[in-house]
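Peer 1: Single-letter residue listing:
There are 2 protein chains.
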Amino acid sequence: MKPMGTIPAEFSHAPLRIAGESAEHWARVAGDTPLFVYDFGVVAARVARFRAAMSLRVKLHYAIKANPFAPLLDAIAPLVDGLDVASGGELAIALQRKSGGAISFAGPGKRDDELTAAIIAQATINLESEGEWNRTLALSDRLGLRPRVAVRVNPDFELRGSGMRMGGRATPFGVDADRAGALIARIRASDADWHGLHIFAGSQSLDTAALIEALTGALALAERLADQAGLSPPLVNLGGGFGIPYFPGDLPIDVMAIGQALGAAIEQSPLAGAGCSFATELGRWLVGECGVYLTRIVDRKQSRGETFLVTDGGMNHQLAASGNLGTVVKRNYPVAVASAESDAPTETVSVVGPLCTPLDRLADRVTLPVAHVGDLVAVFMAGAYGVSASPTAFLGHPAPRELLVGIAGG
Amino acid sequence: MKPMGTIPAEFSHAPLRIAGESAEHWARVAGDTPLFVYDFGVVAARVARFRAAMSLRVKLHYAIKANPFAPLLDAIAPLVDGLDVASGGELAIALQRKSGGAISFAGPGKRDDELTAAIIAQATINLESEGEWNRTLALSDRLGLRPRVAVRVNPDFELRGSGMRMGGRATPFGVDADRAGALIARIRASDADWHGLHIFAGSQSLDTAALIEALTGALALAERLADQAGLSPPLVNLGGGFGIPYFPGDLPIDVMAIGQALGAAIEQSPLAGAGCSFATELGRWLVGECGVYLTRIVDRKQSRGETFLVTDGGMNHQLAASGNLGTVVKRNYPVAVASAESDAPTETVSVVGPLCTPLDRLADRVTLPVAHVGDLVAVFMAGAYGVSASPTAFLGHPAPRELLVGIAGG
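Line by line, the protein sequences are chains A and B.
Each residue of the first sequence is one higher than the one before, starting from 1 at the first, in our numbering.
Each residue of the second sequence is one higher than the one before, starting from 1 at the first, in our numbering.
No lab work stands behind these hints, which were simulated from the structure alone.
Don't take every hint at face value.
[Stated by the list, open to error] Quick list of in silico lysine to any residue cross-link-like pairs, SDA-like style, CA-CA up to 25 Å:
1. A/K2 x B/T327
2. B/K2 x A/V329
3. B/K2 x B/A408
4. A/K330 x B/T327
5. A/K98 x A/A45
6. A/K98 x B/A393
7. A/K330 x B/G323
[As the list claims (entries may be wrong)] Here are some of the chain B residues that sit facing chain A, going by a computed Cβ distance under 10 Å:
8. K65
9. D112
10. T116
11. E132
12. D250
13. I297
14. D299
15. T357
Every residue, glycine too, gets a C-beta built ideally from N, C-alpha and C.
Could you put the whole structure together from the sequences, leaning on the hints where they help?
Peer 2: Here's what the structure looks like:
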């Protein structure tokens, strides 16, 4: 038997209720399984937690890449101060919800057509290199438009305890800190609108102290660069990296402590007095826990003494939960049998998807209430990097349904 | 500097030619980058190699999951004896190219609607469990049709040296060998058409001796089960698992040796005298080496002394090449700068895609001819489990183009 992660407190289970209704209810609403159900109440609670913890000076940006489902974007856009996009495709859907001034575009491989779209929309282009600046300038000249640009800095530190380290080393992201000053000077010597700095040290960290260190380290780096430039940046995007507890033993971060420490650092910062704004960009932390993936048991079988529940969806929709997206060791996301009562007898089973590959395993030897063909299995923590980060065409199965629920009045 | 795999001999390079044309030619034909170019000449050569090596008694099935691109299916279907499918979606596209009698459907999570489609099409259902047999029987009764079924057996041995082991252990695939006899008896006691056995021990093995052992082991297992049943199976699908050399140090398998050993074992088998047919199902080995992924360099940048070529496609189209599909350690697929001449000066670079994640790396610190923004990078071994096994919606980038080239007269 292997342990699994903890089911988010927002979901009452045994039996599972999502926004007050059963899993079967949502499967009927969607028309078929598998499906993702996103409870917007959880997202709104995360936004409220952020606002309660953070200084009013710290703006909240949503990183669309975590979950670009259109109804979710419609609902979250009014609650956040900006949208961060990572491609021309994401820019297009962001512009349907926010003006260009509230959108920033980061990403190491921006094509000319993507830069052109951002220049026209007056979105902030987070420049990843000197070469990207040269292309932006040339395209802006051709368009006769003034680009709005920020400099993405590859910080000289990393986010400790991070699932994805992006600073403190050679990376394709941003301009090394020791070259950022020269690029800022070149931008200021042009007629471009220099919008500030973007400093991102890593993602999915559950270490509160490390997050405080990274955010205050980004602030200190911004102060040094402002000193060099002799000018305060209009906006400093301090990054994000707030993790969520997927796995056994994981504990949530202390956002209140982060807010207090960052607020105190900002109070003392010369940038605060100079009228600089600050932002953090969050994706996973805002939406990851709102999602439940529901998949129906198609077969229940024994092999060499082990029991397998075979479901109608798997790694084709939930690549990360199957342990195939940037993880070395397969650990179990929290899962549940949706209809099971709390006193149901339990057994040890593996939950596997329908694909003809041993990689397609949603839960490895977990203890669950006894389940049968036709029952729904719920995989939690499915709100971020789920369907959009999965190979949905793999083996020719249908795409999953998606539902946004729990909207006040909706 | 890290090594990379060997470029398949069919592609002359420095500069690269695919089916006699340059990479830029194919990018123009496709209309944009990134794109997959599949050279059908390579596929036809693999089919010919198989036919030259194998006994005429061994049929060749193509496993669609390796590459379901419609023009490729159109071209390969006439060259193979059967198509193996893994979902209702794949069944539908297979039926456009072969009759149901030449199609077999394996997969541990077949839904009732998929079983129904297979029963109506008279495709062979490779039963994965006793429960699936019960559902097949009930659905057939309701339809008033006679189902054609084979029993997928979880063999009591594994394919050594296999990237994906599927036998010799508890798995969701097939019925354990010691229970297969009882299931065959139940099928024969019904009025279903028992079509034989499906025995699949693993995939992507480069160990010729292990492949011979697995194929002859499957034959021996089929003999034991035929003995128990007192009846020779009409068809024994012996599996496949033929690997291709992706990585440094990998060597191709010796198909001639496999054909000789398997042929000799079949000659001596009582099943051969009893009129049994045999098949192997191959996907990756037939099409994996035919594909070249072409992606354009959008940026060239330095970070802390390392050089990065940032391309317009990456793990969103080539998840396996980025090391994020079932591999623990990132090793380099063969890559090339498409336009480079043989005597070009070289340098050590990493090739990274456009996604905002450090996972998006197509080649890690390889030595390549010096390349510039606008040049095309070729990633070889891209014909199998490429676009269909990748998260194409990730971060909102466009889907890649696909081209089938090198068709005689086409």
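Peer 1: Given the hinted pair A/K330 and B/G323, is their Cα-Cα distance within 25 Å?
Peer 2: Roughly 15 Å separates the two Cα atoms, so the pair holds.
Peer 1: For A/K330 and B/T327, compute the direct alpha-carbon distance and say whether it is at most 25 Å.
Peer 2: holds, 12 Å
Peer 1: Under 10 Å is the threshold here; is the Cβ of B/D299 close enough to any Cβ of chain A for the hint to stand?
Peer 2: holds, 5 Å
Peer 1: Is the straight-line distance between the alpha-carbon of B/K2 and that of A/V329 25 Å or less?
Peer 2: With Cα atoms ~24 Å apart, B/K2 and A/V329 stay inside 25 Å; holds.
Peer 1: Between B/K2 and B/A408, does the CA-CA distance stay at or below 25 Å?
Peer 2: violated, 38 Å
Peer 1: Taking the least C-beta to C-beta distance, is B/K65 closer than 10 Å to chain A?
Peer 2: holds, 5 Å
Peer 1: Would the hint on B/D112 be counted as holding, given a Cβ-Cβ threshold of 10 Å to chain A?
Peer 2: OK, holds: B/D112 within 10 Å of chain A, min 8 Å.
Peer 1: CA of A/K98 to CA of A/A45, is that 25 Å or under?
Peer 2: Cα-Cα ~22 Å, so holds.
Peer 1: Does the nearest C-beta of chain A fall within a distance shorter than 10 Å of the C-beta of B/T116?
Peer 2: Hint on B/T116: violated, closest Cβ of chain A at ~13 Å, above 10 Å.
Peer 1: Given B/D250 as an interface hint, is its Cβ closer than 10 Å to any Cβ of chain A?
Peer 2: violated, 20 Å
Peer 1: Double-check B/T357 for me: the hint is only fine if its C-beta lies closer than 10 Å to a C-beta in chain A.
Peer 2: holds, 6 Å
Peer 1: Classify the hint on B/I297 as holds or violated, based on whether any CB of chain A lies nearer than 10 Å to its CB.
Peer 2: holds, 9 Å
Comparing the model with each earlier hint shows violations of hints 3, 10, 12; every other hint is respected.
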